[in-house]
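Chemist: Please model the complete structure; the sequences and the hints are all you need to start from.
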Amino acid sequence: MQVFKLYFRILSKHTAVISVYLSIFFGLSLMFTLLPSASSASVFIPEKTRIAVFNEDEGAFAKALIAHISERTAPVQISDTKESIEDALFFRDVEYILRIPRGFSESFLKKDNKVQLEKSAVPLSASEVHVDFLLNRYLRFASIYHGLLADISSEQAAAYIEEDFKVEAKTTILDSMLLVEKSGSRSFFFLYYSYSVMAIILLSVTTGMLALENRNIKMRNLASPLRTVSLNLQVVLGNLVFAVAVWALSCGLGLILEKGGMNGRINMLLMANALCYTFVCLGLGFFVGHAIKSQNAIHGAVNVVSLGMSFISGVFVPKELLGETIKRIASFTPTYWYVEAVNSISTLTNNSSTLDILNSMLIQLGFAAAFLALGLAVARHKSLANEA
Amino acid sequence: MFWHLFSYRLRCILRDKQTLFWSAAFPIVLAALFGLAFSNLDSNELFTQIPVAVVDNDAYRQSNAFKSALYSAASGKDALFNPILCTKDEAVALVEEGSVAGSISIGADGEVNILVKETGISQTILKAFGDSFVQLSRAFKTIAETEAQAAHKFASLLANEAAYIKETKLGAEYPNKSVIYFFALISMACLYGSFHGVNAVSSVQANQSHVAARCNMAPVHKLLLFGAQLSAALLVQFISCLLLIVFMKFVIGVQFGPRLFLIIFTCAIGASMGVMLGALVGALLKQRLNLKIGIIISLSMVLTSLAGLQYPNLKYIIHKSLPLLSYVNPAALVTDAFYALYYYEGLERYFINIGLLLGFCAVFLFVVYGVMRRQKYASL
Numbered sequence: 001m002q003v004f005k006l007y008f009r010i011l012s013k014h015t016a017v018i019s020v021y022l023s024i025f026f027g028l029s030l031m032f033t034l035l036p037s038a039s040s041a042s043v044f045i046p047e048k049t050r051i052a053v054f055n056e057d058e059g060a061f062a063k064a065l066i067a068h069i070s071e072r073t074a075p076v077q078i079s080d081t082k083e084s085i086e087d088a089l090f091f092r093d094v095e096y097i098l099r100i101p102r103g104f105s106e107s108f109l110k111k112d113n114k115v116q117l118e119k120s121a122v123p124l125s126a127s128e129v130h131v132d133f134l135l136n137r138y139l140r141f142a143s144i145y146h147g148l149l150a151d152i153s154s155e156q157a158a159a160y161i162e163e164d165f166k167v168e169a170k171t172t173i174l175d176s177m178l179l180v181e182k183s184g185s186r187s188f189f190f191l192y193y194s195y196s197v198m199a200i201i202l203l204s205v206t207t208g209m210l211a212l213e214n215r216n217i218k219m220r221n222l223a224s225p226l227r228t229v230s231l232n233l234q235v236v237l238g239n240l241v242f243a244v245a246v247w248a249l250s251c252g253l254g255l256i257l258e259k260g261g262m263n264g265r266i267n268m269l270l271m272a273n274a275l276c277y278t279f280v281c282l283g284l285g286f287f288v289g290h291a292i293k294s295q296n297a298i299h300g301a302v303n304v305v306s307l308g309m310s311f312i313s314g315v316f317v318p319k320e321l322l323g324e325t326i327k328r329i330a331s332f333t334p335t336y337w338y339v340e341a342v343n344s345i346s347t348l349t350n351n352s353s354t355l356d357i358l359n360s361m362l363i364q365l366g367f368a369a370a371f372l373a374l375g376l377a378v379a380r381h382k383s384l385a386n387e388a
Numbered sequence: 001m002f003w004h005l006f007s008y009r010l011r012c013i014l015r016d017k018q019t020l021f022w023s024a025a026f027p028i029v030l031a032a033l034f035g036l037a038f039s040n041l042d043s044n045e046l047f048t049q050i051p052v053a054v055v056d057n058d059a060y061r062q063s064n065a066f067k068s069a070l071y072s073a074a075s076g077k078d079a080l081f082n083p084i085l086c087t088k089d090e091a092v093a094l095v096e097e098g099s100v101a102g103s104i105s106i107g108a109d110g111e112v113n114i115l116v117k118e119t120g121i122s123q124t125i126l127k128a129f130g131d132s133f134v135q136l137s138r139a140f141k142t143i144a145e146t147e148a149q150a151a152h153k154f155a156s157l158l159a160n161e162a163a164y165i166k167e168t169k170l171g172a173e174y175p176n177k178s179v180i181y182f183f184a185l186i187s188m189a190c191l192y193g194s195f196h197g198v199n200a201v202s203s204v205q206a207n208q209s210h211v212a213a214r215c216n217m218a219p220v221h222k223l224l225l226f227g228a229q230l231s232a233a234l235l236v237q238f239i240s241c242l243l244l245i246v247f248m249k250f251v252i253g254v255q256f257g258p259r260l261f262l263i264i265f266t267c268a269i270g271a272s273m274g275v276m277l278g279a280l281v282g283a284l285l286k287q288r289l290n291l292k293i294g295i296i297i298s299l300s301m302v303l304t305s306l307a308g309l310q311y312p313n314l315k316y317i318i319h320k321s322l323p324l325l326s327y328v329n330p331a332a333l334v335t336d337a338f339y340a341l342y343y344y345e346g347l348e349r350y351f352i353n354i355g356l357l358l359g360f361c362a363v364f365l366f367v368v369y370g371v372m373r374r375q376k377y378a379s380l
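Going down the list, the protein sequences come from chains E and P.
Numbering-wise (the numbering used here), the first sequence opens with residue 1 and increments by one.
Numbering-wise (the numbering used here), the second sequence opens with residue 1 and increments by one.
A portion of the hints provided could be inaccurate.
[Unchecked claim] Below, a list of computed lysine-lysine pairs in the DSBU-like style, where the Cα atoms sit at most 35 Å apart:
1. P:141 x E:170
2. P:166 x E:119
3. P:166 x E:110
4. P:376 x P:222
5. E:166 x P:77
6. E:119 x P:77
7. P:177 x P:320
8. E:48 x P:166
9. E:48 x P:67
[Unchecked claim] Residues on chain E that point at chain P, a partial pick, calculated with CB under 7 Å:
10. 47
11. 124
12. 126
13. 133
14. 167
15. 171
16. 173
[As the list claims (entries may be wrong)] Pair by pair, the computed Cβ-Cβ distance ranges are:
17. E:327 x P:327: 37 to 43 Å
18. E:19 x P:288: 17 to 23 Å
19. P:90 x E:123: 31 to 37 Å
Since the hints were made in silico from the structure, they are not lab data.
C-beta atoms are modelled at their ideal positions from N, C-alpha and C, and glycine is treated no differently.
Modeler: Listed below in structure tokens is the structure:
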């Protein structure tokens, strides 16, 4: 097993680079897992727009308005300077900024409409429409009560309005779509896995292969009493052991991050899918390793290939936000089918079939085989060229 | 003599394909990928009329109040909904297949039922509309009970659509968060100029290469030699960054705002900062070139991540909670300079960024000069 050992000695010289990729992957996964993720539920939970309210008015009416709107939105505290408000809006820390100018309560109750509320929002956004609707609804109710009931106090009107707002339309969620589990963070972990595993495996496989493909070393190895078949098998075994180790390490971390919050079936499917993709990376590494000529080109090739496939296949950006043409192009890459499978698995319901998931996995294995065949073809071509 | 040294250094740089790939081509490849992936990123928060299935039953046909409420919410330029009249079964099918955001129906007692498949902002607005209808009915009852004669004015008050809210515009341009990806990418390209900086230093350090040793033997002033190397690096890096910006603006369509001269100026300052940083790393460390390159790659990865390359909000969070960190991170300064040019009306924040960047360049250059002028090679 000299070659097998040699393979890992070569890899150990590149621990620094490999651990950079691993730590970026684990760091980002940890960050996104700790961020709150959207979950689906069986009761209707209204979306809450992030809003900042600045009140310059002393009136009781303004206070009641703020209390009403705060309950139906997610109020955020930001400091009242132009720069911090602008920054907050740009980065969507708030999506709607409401300023109640001095004298608004008085003007509203007198119905002269001289002092108006001031808003700034992400232009033409759904959250702007939503908060506008909430504000206008409250003000309309208030204007009705103040307009029709003479001598009503602000507090009395507010109490009437709050009573009215206790009745609601009955909202039902279609049962068939109830998700079995919440799986937001997990699917991010497995989505991002596709990028890091491709970078790590391409890097290590090509590095190992390039060292053995060196003309002098290759001639020495061929002259040695070691059989070529055994040599090749040991290289394959080295690659396989390394790839499976990366896979196992990542899946283990994924399980720890989720603290076993998922059901066994989804776990198994996600891990099986990840293993299929790991084989794709091995195949691709084998091909690139034969096609590439110098150590210097490896990093460039690895980055362009892994980032490129990840970007167009919806690893970093949700697939729904990608254009149609890009998705069509992406469907010719294995990453697309990996992401497709991860998405189907995370929205899996108890009674839905796993046929399309298995299909995606088979397509990935097909890609792995195709890359392997391409790599063998290039290798054969090269060895023929060498003999000639 | 300067031009001779300069032009030969320029040729060396242009023949170093690997460094050129990382400093010039790779950012453009990444920009193209960003362009492909982020083209629709902001479109999902834009409001589009919400398709709603309306169940056409007896109660609906008889309730003029509901019909007029729906009509006023579905017409005009601020229309919320795009209603589709259908039977109850059709409505369920439409919701199931996801072609409408939800369905709404009114019952015989005036109660409103909403059916949705998922919760989202469209469904929230639909629900708020349904709520508002049943709540108005209740308000009408309350008023009729307390002051019967006032109730007939209810409809006219309801029709009154006074404008209670006026809009104040913020920022010079649309708050398009995805430009931060591109601005952070420019800062990454600037930092990758460090490769040229490191090379410029090691090409005059006699212990780094044979060529450098030979250069040191030549009867030419060390400052002149180094000045020529550095100028060539600066020129190439400036042109690379400029090409990146041209590619982003004209091929991908990234918005930079109207201040063209300042954009080019920022590009030049950013490129200089990158080259100087590389020169600093090259001058301070005595190790092999590969290690220096490794340090630069890790450093630029960390700095650009903090500037928002992978997650734009990180830049905002750091600026808000750890402002000092964003002022000492040159990548964040470059990103913020482009951001300020794009989004702010005033130039105050922009000039703070540029001032700090110039300060960094000066400090780096000063240290590099201090270290290099003492270097003597008694034996190699």
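Chemist: Determine for every hint whether it applies to the structure shown.
Modeler: Consistency of the hints with the structure:
{"no.": "1", "hint": "P:141 x E:170", "verdict": "holds (20 Å)"}
{"no.": "2", "hint": "P:166 x E:119", "verdict": "holds (6 Å)"}
{"no.": "3", "hint": "P:166 x E:110", "verdict": "holds (18 Å)"}
{"no.": "4", "hint": "P:376 x P:222", "verdict": "holds (11 Å)"}
{"no.": "5", "hint": "E:166 x P:77", "verdict": "holds (31 Å)"}
{"no.": "6", "hint": "E:119 x P:77", "verdict": "holds (19 Å)"}
{"no.": "7", "hint": "P:177 x P:320", "verdict": "holds (16 Å)"}
{"no.": "8", "hint": "E:48 x P:166", "verdict": "holds (22 Å)"}
{"no.": "9", "hint": "E:48 x P:67", "verdict": "holds (28 Å)"}
{"no.": "10", "hint": "47", "verdict": "holds (4 Å)"}
{"no.": "11", "hint": "124", "verdict": "holds (6 Å)"}
{"no.": "12", "hint": "126", "verdict": "holds (4 Å)"}
{"no.": "13", "hint": "133", "verdict": "holds (6 Å)"}
{"no.": "14", "hint": "167", "verdict": "holds (5 Å)"}
{"no.": "15", "hint": "171", "verdict": "holds (4 Å)"}
{"no.": "16", "hint": "173", "verdict": "holds (6 Å)"}
{"no.": "17", "hint": "E:327 x P:327: 37 to 43 Å", "verdict": "holds (41 Å)"}
{"no.": "18", "hint": "E:19 x P:288: 17 to 23 Å", "verdict": "holds (19 Å)"}
{"no.": "19", "hint": "P:90 x E:123: 31 to 37 Å", "verdict": "holds (35 Å)"}
Going down the numbered hints, you'll see the structure goes against none, and every one checks out.
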